[in-house]
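Using my numbering, you'd call the opening residue of the sequence shown number 1 and step up by one each time.
Simulated from the structure, these hints should not be mistaken for laboratory data. Don't be surprised by glycine CBs; every beta carbon is placed ideally from N, CA and C. Relax, there's no trap hidden among the hints.
Calculated pairs, EDC-like style, for lysine to aspartate or glutamate (alpha carbon to alpha carbon, straight line, at most 20 angstroms):
{"no.": "1", "residue 1": "Lys584", "residue 2": "Glu550"}
{"no.": "2", "residue 1": "Lys464", "residue 2": "Glu454"}
{"no.": "3", "residue 1": "Lys323", "residue 2": "Asp369"}
{"no.": "4", "residue 1": "Lys323", "residue 2": "Glu366"}
{"no.": "5", "residue 1": "Lys582", "residue 2": "Asp556"}
{"no.": "6", "residue 1": "Lys582", "residue 2": "Glu143"}
{"no.": "7", "residue 1": "Lys584", "residue 2": "Asp562"}
{"no.": "8", "residue 1": "Lys428", "residue 2": "Glu439"}
{"no.": "9", "residue 1": "Lys464", "residue 2": "Glu453"}
{"no.": "10", "residue 1": "Lys584", "residue 2": "Glu427"}
{"no.": "11", "residue 1": "Lys405", "residue 2": "Glu367"}
{"no.": "12", "residue 1": "Lys473", "residue 2": "Asp510"}
{"no.": "13", "residue 1": "Lys582", "residue 2": "Glu550"}
{"no.": "14", "residue 1": "Lys464", "residue 2": "Glu509"}
{"no.": "15", "residue 1": "Lys323", "residue 2": "Asp296"}
{"no.": "16", "residue 1": "Lys141", "residue 2": "Glu570"}
{"no.": "17", "residue 1": "Lys464", "residue 2": "Glu482"}
{"no.": "18", "residue 1": "Lys464", "residue 2": "Asp510"}
{"no.": "19", "residue 1": "Lys582", "residue 2": "Glu570"}
{"no.": "20", "residue 1": "Lys473", "residue 2": "Glu509"}
{"no.": "21", "residue 1": "Lys582", "residue 2": "Glu422"}
{"no.": "22", "residue 1": "Lys103", "residue 2": "Glu43"}
{"no.": "23", "residue 1": "Lys584", "residue 2": "Glu570"}
{"no.": "24", "residue 1": "Lys584", "residue 2": "Glu306"}
{"no.": "25", "residue 1": "Lys103", "residue 2": "Glu177"}
{"no.": "26", "residue 1": "Lys141", "residue 2": "Asp186"}
{"no.": "27", "residue 1": "Lys582", "residue 2": "Glu427"}
{"no.": "28", "residue 1": "Lys584", "residue 2": "Asp556"}
{"no.": "29", "residue 1": "Lys323", "residue 2": "Asp410"}
{"no.": "30", "residue 1": "Lys584", "residue 2": "Glu559"}
{"no.": "31", "residue 1": "Lys141", "residue 2": "Glu202"}
{"no.": "32", "residue 1": "Lys464", "residue 2": "Asp478"}
{"no.": "33", "residue 1": "Lys582", "residue 2": "Glu559"}
{"no.": "34", "residue 1": "Lys428", "residue 2": "Glu339"}
{"no.": "35", "residue 1": "Lys103", "residue 2": "Glu77"}
With beta-carbon atoms standing in for the labels, derived distance ranges:
{"no.": "36", "residue 1": "Thr209", "residue 2": "Asp562", "range": "42 to 52 angstroms"}
{"no.": "37", "residue 1": "Glu394", "residue 2": "Val474", "range": "45 to 55 angstroms"}
{"no.": "38", "residue 1": "Arg183", "residue 2": "Leu393", "range": "40 to 50 angstroms"}
{"no.": "39", "residue 1": "Thr578", "residue 2": "Ser403", "range": "38 to 48 angstroms"}
{"no.": "40", "residue 1": "Thr99", "residue 2": "Ser58", "range": "22 to 32 angstroms"}
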Amino acid sequence: MTAGDDTTGLKTFTTAGAEVRTEACASLLIYHRNGSCMVELHEGVPVVIGRARPSDVSVRDTSLSRQHARFLLTRAELWVEDLGSTNGTRVNGRRVQRTRVSKTDEVRLGSAIVAYHALPSTAPEAELLQGMDGHDLFVGKLEQEVIRGRTFGRPLALLMVQAARRKDGHVSRWGPEVQARLRPVDLVGMHDAWTVLIALVESGSAEATAMARQIVDDRGRTAPALRCGVTLLGRGSTTDRLIASARSALRRTSQRQRFALAEGLEPDGADVAEGDPVVLSARMREIYRQAVRVADSPIPVLIYGETGTGKEILARTIHEQSKRRRRPLRFVNCGAIPEQLVESVLFGHERGAFTGADQRRPGVFEEADGGTVMLDEVGELSPGAQAALLRVLETRCISRVGSSKEIDVDVRIIAATHRNLEQMCREKQFRLDLFYRLESMVFQLPALCERREEILPLARRFAKAAARANSCKVPRLDSEAERALMTHVWPGNVRELRNVIERAVVIAEDGVITRDDLTERVRGGPSLDAVREPEGDADLSIRERLQRYEARLLLDALEANDWNQTRTAEVLEMPLRTLVHKIKKLGLQKRYDQDG
Numbered sequence: 001m002t003a004g005d006d007t008t009g010l011k012t013f014t015t016a017g018a019e020v021r022t023e024a025c026a027s028l029l030i031y032h033r034n035g036s037c038m039v040e041l042h043e044g045v046p047v048v049i050g051r052a053r054p055s056d057v058s059v060r061d062t063s064l065s066r067q068h069a070r071f072l073l074t075r076a077e078l079w080v081e082d083l084g085s086t087n088g089t090r091v092n093g094r095r096v097q098r099t100r101v102s103k104t105d106e107v108r109l110g111s112a113i114v115a116y117h118a119l120p121s122t123a124p125e126a127e128l129l130q131g132m133d134g135h136d137l138f139v140g141k142l143e144q145e146v147i148r149g150r151t152f153g154r155p156l157a158l159l160m161v162q163a164a165r166r167k168d169g170h171v172s173r174w175g176p177e178v179q180a181r182l183r184p185v186d187l188v189g190m191h192d193a194w195t196v197l198i199a200l201v202e203s204g205s206a207e208a209t210a211m212a213r214q215i216v217d218d219r220g221r222t223a224p225a226l227r228c229g230v231t232l233l234g235r236g237s238t239t240d241r242l243i244a245s246a247r248s249a250l251r252r253t254s255q256r257q258r259f260a261l262a263e264g265l266e267p268d269g270a271d272v273a274e275g276d277p278v279v280l281s282a283r284m285r286e287i288y289r290q291a292v293r294v295a296d297s298p299i300p301v302l303i304y305g306e307t308g309t310g311k312e313i314l315a316r317t318i319h320e321q322s323k324r325r326r327r328p329l330r331f332v333n334c335g336a337i338p339e340q341l342v343e344s345v346l347f348g349h350e351r352g353a354f355t356g357a358d359q360r361r362p363g364v365f366e367e368a369d370g371g372t373v374m375l376d377e378v379g380e381l382s383p384g385a386q387a388a389l390l391r392v393l394e395t396r397c398i399s400r401v402g403s404s405k406e407i408d409v410d411v412r413i414i415a416a417t418h419r420n421l422e423q424m425c426r427e428k429q430f431r432l433d434l435f436y437r438l439e440s441m442v443f444q445l446p447a448l449c450e451r452r453e454e455i456l457p458l459a460r461r462f463a464k465a466a467a468r469a470n471s472c473k474v475p476r477l478d479s480e481a482e483r484a485l486m487t488h489v490w491p492g493n494v495r496e497l498r499n500v501i502e503r504a505v506v507i508a509e510d511g512v513i514t515r516d517d518l519t520e521r522v523r524g525g526p527s528l529d530a531v532r533e534p535e536g537d538a539d540l541s542i543r544e545r546l547q548r549y550e551a552r553l554l555l556d557a558l559e560a561n562d563w564n565q566t567r568t569a570e571v572l573e574m575p576l577r578t579l580v581h582k583i584k585k586l587g588l589q590k591r592y593d594q595d596g
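All chains, full assembly: derive it from the sequences and hints.
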């Protein structure tokens, strides 16, 4: 018997020399590591699902065998038969050879989950499912929206949605219904088999809150209850930071309040680790030793470090080791606050000071009197806010917006940034006098790839925390997963590592995190082995190797586009301002002049 398709939704079968046309009467929804797909079922026609041909349906998931299992719909009953697969076929957790499947059963082919729907192929779910991306594809699309939002000042909201109860939480039970509420322009992807990420393009707080309410409130009696965490794009946002913020908001939900809106973006390194910091490398030990020594001093501290290196963890350590530890510690992400509201957030405002100021409100400095204020991404402060901050450092007084009355405050300031403030001073983007006041004590946090001895201990700590949050057994890392973690360059540093491990804990099977459970970026992205080339780089530090590797990539792109920076930025899919900054930072323009 042979089969063919036409454009009417019917399938043509040739048997005994005669053509018979049948319409799909059921479907399989397959959720796998890289996304989801739909398979039509026709009465009496077997369908083989596997990783590659000659399977009828190929699913790009390495946990499947080449020909994994056969499904057959006969007399309105669905049967599944394992075809000698390596990882097995399981129904409701039990490994099977051949058995009947109902619509309420959970079928697993390796790590992929198959849901049976007795629906025609024209059902809305069939079309909607095609728009649900896998984790890595979704993150790639989200990165583009983050760049667009930051470049053009456009709003963006990110929602993380889960079932309130794990036992009825698989995406197949509620994913298509959630998708039906979204606009064509919105993005939706599977974070894991139980969690969906939704990017609401051109949407602010009001739209995101309304969508979250719809998702968690409009549920039928038999539909699983959902919970939702919501976060918003800020000036200092990165993709990893948005996902971490949405996850943090999701964790604050409860049975009574099933959606939570994050209060701006999470500060750098927030929620990264439990207990004491993981400090194993020589550089980190020296940094924390000095941090303890200066903890009791009132002098400002300036922390340099890439996004996700743990600047907030260091700031918290300084505060907790000081005499101020019984007083408040307040965090402010300067890049996440609209420019016109920065001074109000820092110093407070009087009623009627501006439109919407319907009551008096104290600022962060007033709330933290006697304690510590960490100003994350201090390089993002506007010139006016810089002047006001300098005055606080010099006079230890603040004035609320809309008032001339001075208020005495005793606050220890810890500033943090990933930008070169000294270079910004030369370019007249940051006040030199403020820079001199902030750099009384400077710490330079190394990137995670420069302290590789901390990668696996951090990964195990994150796995333990994620297992507790998901009420599951703490999985161990197998050797291949450990090698992938150790050789990845970790551009997102500790925050990226945490996101990778928390996702892996959810999708891991049999209590073991394998290489396939890690994100595609970690499995196949640039590794330290690539950075070590050529041989002339052997004596350089990890950071210098990374810089040379980045410089080579940028030089290749610039030369391929005849040093047209605008066109190069478009090809690299990065903001022009970022490219110009990297050219200056890496000395590429100077090298070009010498060669030219």
